[in-house]
Each structure stands twice: as C-alpha cells, then as structure tokens.
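Chemist: In the order they appear, the protein sequences are chains A and B.
Residue 251 in our numbering sits at position 251 of the first sequence, with consecutive numbering throughout.
Residue 347 in our numbering sits at position 347 of the second sequence, with consecutive numbering throughout.
Bear in mind the hints are in silico, worked out from the structure with no lab data behind them.
Any given hint could be a false lead.
As the list claims (entries may be wrong) - From the structure, some residues in chain B lie toward chain A, with a derived Cβ separation under 7 angstroms:
| id | residue |
| --- | --- |
| 1 | E98 |
| 2 | A101 |
| 3 | T197 |
| 4 | N247 |
| 5 | F362 |
| 6 | A366 |
| 7 | T369 |
| 8 | A378 |
Only a predicted model underlies this, so the values are computations on that prediction, with no experimental measurement involved.
Even for Gly, the Cβ is constructed at its ideal location relative to N, Cα and C.
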Amino acid sequence: MLLAPAGVFFFFLLILPLLVVLVYSFGERAAAGGYAPAFTFDNYLNLPARSKAFINTLTLAPFGTLLTALFAYPMAYFLAVKVSPRWRVTMLVLVMAPFWTSQLLRYYAWILILGAKGIPSWLAWIGIDDVRIINTPWAVLIGAIYGFLPLMVPPIYVSLEKLDKRLLEASADLGATPWKGFLQITLPLSLPGVAMGSMLVFILLMGDYILPQFLGGGKVYFIGNALVDLFLQSRNWPFGAAVSIALVVIMFVTIFFYMRFVLGKSGQRRVAMV
Amino acid sequence: MTKDTGIITPQQFVDELRRFQKGSVTRRHFLGVTGLGLATAVLGSAVPGLRPRKAHAALSGTVNFTTWPNYFAQENLDNFTKNTGVKINVSIFGSNEEMLAKLQAGSTGWDVFVPTNYTISTYKELDLIEPIDLTMLPNYDASTQEGRFVEPGTIDGAVYAVPKDWGTTGYVINTKNVTQNPTSWKEFWDLAQGPLTGRVMVHDYQLTTIGNALKAFGYSFNSNDEKELGEAEKLLLAVKPHLFGINSDYQPSMRNGDAWASVAWTGDATQMHRDLPEIVYVLGKEGGEIWSDFYAVPKGAPNREAAYALIDYLLTPEINAKEVVAHGYPSMDSRTNKLVPKEMLENPILYPAAEALAPLEFGAAATLTNPLRAEIMARFKSA
C-alpha cells in the first residue's frame, strides 16, 4: 500500500510514456510530419543511417566519463584528505558553484575560450600556429570534464571522507609506503564512489545534445542531436521513437553489466576487506 | 494684452510660436494657449488610426513572441511594454521546421510568431494559424506594401499573415582572410573544400543548405528531383569534413574570426558589415533564395488581444523604421521606407542590384516539407 504513490508515479511518468514511444516506433511518418499508425519494422531497419551518431556517443561518452573521473579524483582526494575540515565545506560549495549559472551561458563562455581569440591565439603567441579546438571532439570532451566535474567530485569525496584512517595507519605500521597504502587501501575503498559518479556522468553524457551542439558546432553529432533533428526538423516521430528505443536498450544493457561487474565487484571487495 | 477670451489672434499665435521655438515656453503651454492641443485631440479622435483603442486599455499579462535571432529592436519591445504594461517573452528559433514542429506538437503558448513565405500555406492546411483580423491592425496598410512579398500571406482571399520584412540568402566572407573574391555558389563550395577548409559554416536548415548546394549545379533552389537532390547530397557529404560548423547562428563565429565564410541572410550581413567592414555579402550569381517573413497569430493564442496590439505596434511606420535600422532587413512598406535612413536604402546588402535579384527564387511549401530533403540533411549532419 505504501508503495502505491511511487507505483502510480512510475506508471504514468515512466512506463506509459515508454509504451507510447514503443508503439510510435512501429508507425510511419505522416505526410506533413508527425506520426501515422502502422505496423512496420522499417524504422529499426533504418537505424544504420544514424550509425555515426551511435558511434560518436558510444566512444565520446565513456571517454568523457573516464577523463572526468581522472580530473575529479585528485580534486576529491585533496578535499577529503588534505584540506583542513574548517575549509572543507567552503571548498565543496565552490566545486558546485558553477551549477548556479545556466549551463548555456557556461558553454557560450567556452565557445569564446576555445575559439580563435581564446586559447588558439595564446598558443599562436608562443609559436604554435593554427590550433583548432572549438567544434572538434576535443572541445566536447573539455566541455564534458568542465560540465560534469561537480557531479563526479561529491560521490568520490564521500567515499574518501568516510574511509577508515586506521587502515592506513595499520598498513604504515606493517611497512607499506604511502604510495602502496594509497594503491592497496584508499583507491580500492573509494572505487564505489568513482563507480557511482561515473554512472551519473555517463548516463547524462549519453543523452546529452546541448554540449555537442554548442562545443561541437553541429559537427560532433550525438544520438541526442539525431533525436532533436528527427523530432524538431524532419518531424519523423516514428524513426525518432525507434532511435530512442535503441538508446534506451543500449543504456539498459550497459548499465546492467556495469552494475553487475563494477559495482558488484567493488561491493564484494569491501565485504572482503571488512 | 487682453484678457484671455478663448480666441487667439494671428499675431498672438505667431508670438507664442516664436516663444515655443526659442524654448522659453514648454510644448504643453504652447499647445494649451493656442488651442492646438485641443484641436489635435478632437481631430485625432475622428481619425480611426489615432483613436486610443479600447483593446489597448484592456491589455495585460504577457505576450509570447517567437522569432529569429537578431531580428528586432529591443528598444521597440521595451517601449511596447512601457506603453501597454504587457511583458514580452521572446523565444528565438533556428528554423521554420522547428517552428512547424513545435506548433504541430501543440500547446506552444505562442501569441505572435514570424513564419516565412513558404510555410504559411502549410500552417493554414494544418489549421494551426488564425485568419488575421485586420480591423485590429489600424496601423497596417495593405496598399503601401510591395505586392510580391505580401501574396504568400493571403490564401483563398483570406489574410493569414501580415508582412514583416524581406531578404535574400547569400553568403558572407571575411575579406581579410578570403582573398579569392568568389561570386558564385560553385566557388563557395569549392573554397570550402579547398583553401578555406575548417573555416566555412552552413545553416542548420535543410531549405537553404540543400538549396544552395543545388545552385552549384545550376538546379532550382526548390528542386525536389531525386537525382538532383542526390548530387547535392554528394556535394554536401564531400564538404562536411571541411566545414567549421553547421549552425544558423553564425554571427558569433564570424565576428570572432573562427569562421571566414558562411551562408547568410541579409540582416546578419548588414549587422556584421556595419561593425566589421571587412565582412561582405555575396549573392551567388547562379541565384538562390529571396523570401519574405510575416507576423502571424497561432490558433488558440493565449493573449490574442496583446498579440494584435504588438503586431500593430511593430508595423507602425515610425516603429517599423527603427526595426529596420536595428535588424538590417529591408521593409516592403513604402511608408516605413520613407523613414529609413537614406544610406540603408542605398545599401546593396539590403537592396541588391536588379541583375543579382533577377535569378533568385521564392522558396516553395513542398521544399520545406519534403521528407527526402529532411533525411538528406540528417544524413549530412550525422555523416
């Protein structure tokens, strides 16, 4: 009974819309655009026409997630271990501060920073000519690191902060160098945080379209961009629905295996340690 | 001086006029003492266009105004809000397809939007726009508009949209970096794949991007022929890896120096050339597009009264002239053009030479809605 509100919520806002998308994906594009009822697999057979979007997303999203984690980890480590508790909250708030301004504004700023009068002009000044960053996959990756860092830092921070310091002392007593202590104790015990943050960032990157649109300039094309075009430009709802279903299936499978192997393993390891 | 009898002699009138001219009395005093203020008010109420309208007094709330980038004078919108108390909520769109898609999906909440000539018949067919109630637009005068730009707004004798301005679709080049002096679409696409690699932009809009690729082969801007579209697609796919970007908001990249050439509309060219004279506008000699934009009211507009008040305000010649100065697209209203600065009326970006205009085509409804064109654009973007 207590689950009823949640059940209603999930039914109307998750299950039902997904069913609508599923039904649409077997339909046909109406003459002036939109949806016309039909039963055809054509939309699914046409998916290879968007293969580049799938390939771009499936390479840049994991790569972007990995880079974000690599940047976020030292930051979270610094916050959790090195910063004095007095400043910790302030610093953590500062990490989140970029979220207070609109994402669009921040991407616009990056367009200028990565554009001809930004970093490339500074590089030209020291003799490295004709560097192009904006509207390349690199710009999208830089945007991903910048944009999603505030989502990656907190989970890692939490897992580092609650780490039992006595384990490190014990390992030092037993002759482990600090580096060895980090590799064998701190890193494995903080992996659940890394895994959690990575999943958050990965899911958001997989569905993103604003980032590739702004920093990729329409040249770095994600599944999200393909969807926007299908619904807002060619008005081919059934094909758009099929692409959506494909994206949902890919996400579901990826996350299922991810939870199973990464989260599952690090969970087991924690149990083993304790 | 005699006591005020309510009658003013010619001598007294001239004296008052001199005082007013010299600035020693206020306009309020001058109009009051000469009786001109009262006369104006009486005459004014007899002229329908000057009569304060009831609708105006009853206006309130917000009007949702959907338009294109860099396409209005902010000062005018602010003044409208000041005069009527109605707030204006502006949404910027990138293509007619997007506008159509949003209206088709329903419940946009838009009150006024700015469709282009070739879309209006589709909106009417899909029953998405209402016929314009011209009695609510006293400041609009159909007789002073240039006919060919107005026609697409009228369907079966009913007016569904009133004309805003017109323009052409050509390309801009930054002559500091582009020294080849291109004059045709063929040269534009050749340069994009050659010396200008990584520096050229095209619209994120199938109508203009595919249309101007078709022009490179000398085909019609509106071609829906599969073979011709196939050639255009091949050209676009070859150009794709060399492009700087695919975006209808190309001003920032051009101004910033990231892009050196871009497919462009009249007003963007006017605005950029005004600030950076090295950016010049070229109409491909094979032809291309000429178009007109309109104001229209979607069916079920939530603030219909305010929508009409806004359109009427923006089409008032004095106000419209300020619009033209700001956005740099020519008006089709001869009353407005009398008030536009002469140098704009002589600006070849706004008013290209007759031989450059002659080969241009108006876009067609089928060009916008052709599913094959939409799919070609999508394949080009995802390539």
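Chemist: When the structure is checked against the list of hints, which entries are broken? Sort them ascending.
Modeler: Checked against the structure, the hints that fail are numbers 3, 5 and 6, while the rest are satisfied.
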